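Heads up: the protein sequence lines correspond to chains A and B, in order.
Using my numbering, the first residue of the first sequence is number 1, and each one after it goes up by one.
Using my numbering, the first residue of the second sequence is number 1, and each one after it goes up by one.
Simulated from the structure, these hints should not be mistaken for lab results.
This one's a predicted model, so the numbers in the text were calculated from it and none came from an experiment.
Do not take every clue at face value.
Which copy? The list can't say, so a pair holds if one copy fits it or any two copies do.
[Stated by the list, open to error] Calculated cross-link-like contacts (lysine-lysine; reagent style DSSO-like; alpha-carbon spacing at most 30 Å):
#: 1; residue 1: K52; residue 2: K341
#: 2; residue 1: K52; residue 2: K305
#: 3; residue 1: K342; residue 2: K305
#: 4; residue 1: K52; residue 2: K334
#: 5; residue 1: K305; residue 2: K186
#: 6; residue 1: K52; residue 2: K342
#: 7; residue 1: K305; residue 2: K193
#: 8; residue 1: K52; residue 2: K26
#: 9; residue 1: K305; residue 2: K334
#: 10; residue 1: K193; residue 2: K359
#: 11; residue 1: K133; residue 2: K334
#: 12; residue 1: K305; residue 2: K182
#: 13; residue 1: K305; residue 2: K281
#: 14; residue 1: K281; residue 2: K186
#: 15; residue 1: K133; residue 2: K118
#: 16; residue 1: K193; residue 2: K281
2 protein chains.
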Amino acid sequence: MILCLCFEYNCAWIEHSSEIQGIAMKIGLLGHGVVGSGVAEIIDSGRSAEVKDLRVEKMLVRTRQEVTEARITTEVSEILNDPEIEVIAECMGGLEPAHTYVKTALEYGKSVVSSNKKMLAAYYSELMEIAEKNHVMLRMEAAVGGGIPCMENLMRIRRIEPIDSFRGIFNGTTNYILSAMKEEQKEFDEMLKGAQAAGYAERNPGDDIDGFDVRYKVALTCAQAFDALVDPSDIPTFGIRNIHSEDLLHAEERNRTIKLIGWAEDHGDSVMAMVMPVFVKDSDYLSRIPCNLNGIESFSRTLGKAGFVGQGAGSLPTAHAVVQDLIDVSEGRKEVSRNLKKKTVNCRDRKGVYYIRTKQPEVFAEVVAEKLDQNCLITEQVEWKKLEGLLNQAADPDLFLAEVQA
Amino acid sequence: MILCLCFEYNCAWIEHSSEIQGIAMKIGLLGHGVVGSGVAEIIDSGRSAEVKDLRVEKMLVRTRQEVTEARITTEVSEILNDPEIEVIAECMGGLEPAHTYVKTALEYGKSVVSSNKKMLAAYYSELMEIAEKNHVMLRMEAAVGGGIPCMENLMRIRRIEPIDSFRGIFNGTTNYILSAMKEEQKEFDEMLKGAQAAGYAERNPGDDIDGFDVRYKVALTCAQAFDALVDPSDIPTFGIRNIHSEDLLHAEERNRTIKLIGWAEDHGDSVMAMVMPVFVKDSDYLSRIPCNLNGIESFSRTLGKAGFVGQGAGSLPTAHAVVQDLIDVSEGRKEVSRNLKKKTVNCRDRKGVYYIRTKQPEVFAEVVAEKLDQNCLITEQVEWKKLEGLLNQAADPDLFLAEVQA
Ligand SMILES: NC(=O)c1ccc[n+]([C@@H]2O[C@H](COP(=O)([O-])OP(=O)(O)OC[C@H]3O[C@@H](n4cnc5c(N)ncnc54)[C@H](OP(=O)(O)O)[C@@H]3O)[C@@H](O)[C@H]2O)c1
Ligand SMILES: NC(=O)c1ccc[n+]([C@@H]2O[C@H](COP(=O)([O-])OP(=O)(O)OC[C@H]3O[C@@H](n4cnc5c(N)ncnc54)[C@H](OP(=O)(O)O)[C@@H]3O)[C@@H](O)[C@H]2O)c1
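If we strip away everything but chain A, and leave its shape as in the complex, we get:
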């Protein structure tokens, strides 16, 4: 709690600060899984003055068996109704009840930090509006790029200038699989099983391998970078479910490495945004982001390229990002003034060269630049609206598509 009398000075940005010597900011933690337990571990071990100013007051779990200490509860109301709890850290995942809990917390005047990209992407504008109305913060560093401080750094750049575009490797699971396929020259299914065994992929990996996880993150990054509210389902999204080792070889022949890339450009009234495997040039450092690491970069007029590389997932790195947000809430970090606007996603005029493997190569005859073998081809430069039509026409469920980096 802050006790501060200010005149001729707008104190809004420090009103949530708990940073008075000795009084720690009390946090309600929703979810005690991979990320949540990491958050508790980092805060409980208090390795800095800033972290010692935080306290996990209560933690929500699902079942009685998980109640192993006094702070743990199965009753969310004990957390949301506790007036001493200033901030909620939501690390439960899923749409509901996460969305309702976060919404309620904001309405009760609590700031919220969340790692839940799926929920945030679905309810971004609703939640931001409630946060603003209640003069509390909604922060989400961990939701994009895991431990990588990209959300904060994008906001810092925006203190000086608009961000024109961004691109990057946003998903650790698929990057792990692609790296392992390249290194061990094995097929996708085997590598997916390996990733699951190593704890890098979930039992139900659809969101990751079909590109939806990247889609959520690209949508959130459009909001962070451009103030653009886009409908995630409008972002053309292709994953790596259909990849074969021969696709990697075709990339290699062109001195390229396949990475699952999300990218977006702010076009004013609309946004160009896509999620797709890309034949990344071997001279591009994104081609060398290994294992489950992520690499995200933005472009703006004076700074140019600003790239960030690090752990895109994992308990402690992701929890680190959650705790960074919590410290920012505790310090009453001044936020950049925003002007959130609904924008359509428009990729129709985007030109690209594509690699396609399909059982229906004849459908793409009019755009072929090079036939690699019976099923694999490279297109000439083609507009997305044209290619999209052909993809729909082919309607090949096993088709693999990748953009070839120019």
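Chain A is already provided as a structure; the job is to place chain B with the ligands on it using the hints.
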């Protein structure tokens, strides 16, 4: 100026803020060269609310001929003695008079932002002490990594945990030369001339190509990351002046790319820090940092690797970093509590494998693992104290040394 009455709250961190609606923070700019003119351009063009809260009030130039507008002066006293100027941005370069001007400004209660790594590395502890005593800020984002926000992000990590080590490409000029040598397969002298013509290298490029520029930056980063005050001249430093194209070929045969790397580890009472060309593995993304870009990464317990890539130099990117610091001063950015300590540099026990090209290969006979040709060899794993002795014994002014990344 801030007018703020606070009780039960430590307001030190906001006392320099000028962020009252409508009153811009007045800045005195020392130097109007490559970086200084970029700072003026970014602030004058005011592309954000935050930048509009800044105003370049006066600019120092050397000669009358350069006085082309009312804000420009040749009299430093007009700036240092102006009580309305709250912050100095020093972009002059050189040791003196930059050092005296910065010291005076701090003593007069002005915060200082500087891009001058050479001066900052030489006077770091003196200047930090004066800044602290006078409750003003001394920030230096642009001094390390140009536009890359590494200094700020290191401090953010330290809000949670100590930083254990860092490494990176800290110099754009040498990276440009090394990239061009590899791509165009030409010799060093020719590429240096090319870099000078392209504006990437100074007329007197000694600080860059002999590694001293990286040494200053490593020393400053040791202070930022570890709170370690080290004597820059104690850091073993090797540059690329003696590099030949055959060295690049020897690296290529090992699937490695030569980069000039600075690195350091915090060992508690001492610091292990070095500056040296390294045969970087082609699978490491630092091997793919092109042209004049820089790439710097830190390692800490929970976050793991945190890498930053961007423009290591250039007028607008470097100026962007200066302006970021100015906004942080204007917003009264809370600083991490520091505990600066003198630490010795100790690399004696550091073990490495090295590539050596020398006219005195016989000196290294006892540590050779592989002879590549008459003059080139790869050592076995050897302690630095051992190798240093042999290097002194060889006393070969044309020797080229590089660590081979394990
Ligand atoms: N893991 C990562 O590396 C990572 C990285 C970035 C972002 N994220 C995001 O962070 C969030 C959490 O991920 P995670 O990996 O930590 O998942 P997790 O290990 O499954 O943890 C979530 C925890 O929340 C609990 N929970 C869910 N609904 C609950 C409810 N209604 N009441 C009480 N407890 C409930 C779960 O219990 P049950 O097991 O009983 O369902 C589980 O213990 C997700 O949104 C994820 O996308 C994760
Ligand atoms: N250029 C980059 O990309 C870059 C990147 C990172 C950091 N930096 C650092 O930033 C600093 C400035 O670099 P820069 O490239 O902008 O150098 P620069 O182009 O030479 O600009 C320095 C300016 O300061 C002026 N100056 C020097 N001493 C002066 C004095 N006593 N009185 C008045 N004016 C004086 C110089 O005038 P004269 O020409 O008459 O001497 C020159 O116009 C250096 O410390 C450099 O290491 C530069």
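Verification of the hints:
1. K52 - K341: For K52 and K341, only the inter-copy Cα distance (23 Å) is at most 30 Å; the intra-copy one is 38 Å.
2. K52 - K305: Answer is between; shortest inter-copy Cα gap is 23 Å, intra-copy 35 Å.
3. K342 - K305: within (26 Å within a copy, 35 Å between copies)
4. K52 - K334: both (21 Å within a copy, 16 Å between copies)
5. K305 - K186: For K305 and K186, the Cα distance is within 30 Å only across copies (27 Å; inside one copy 34 Å).
6. K52 - K342: between (40 Å within a copy, 26 Å between copies)
7. K305 - K193: Answer is between; shortest inter-copy Cα gap is 26 Å, intra-copy 36 Å.
8. K52 - K26: So K52 and K26 pass the 30 Å test inside one copy only (11 Å; across, 36 Å).
9. K305 - K334: both (25 Å within a copy, 27 Å between copies)
10. K193 - K359: Result: close within a single copy only, 26 Å intra versus 54 Å inter.
11. K133 - K334: both (16 Å within a copy, 26 Å between copies)
12. K305 - K182: Classified as both: same-chain Cα gap 27 Å, cross-chain 22 Å, threshold 30 Å.
13. K305 - K281: both (17 Å within a copy, 23 Å between copies)
14. K281 - K186: The answer is both: 21 Å in one copy and 23 Å across copies each meet 30 Å.
15. K133 - K118: within (23 Å within a copy, 48 Å between copies)
16. K193 - K281: Result: close both inside a copy and across copies, 28 Å intra and 28 Å inter.
Checked against the numbered hints above, the structure breaks none of them.
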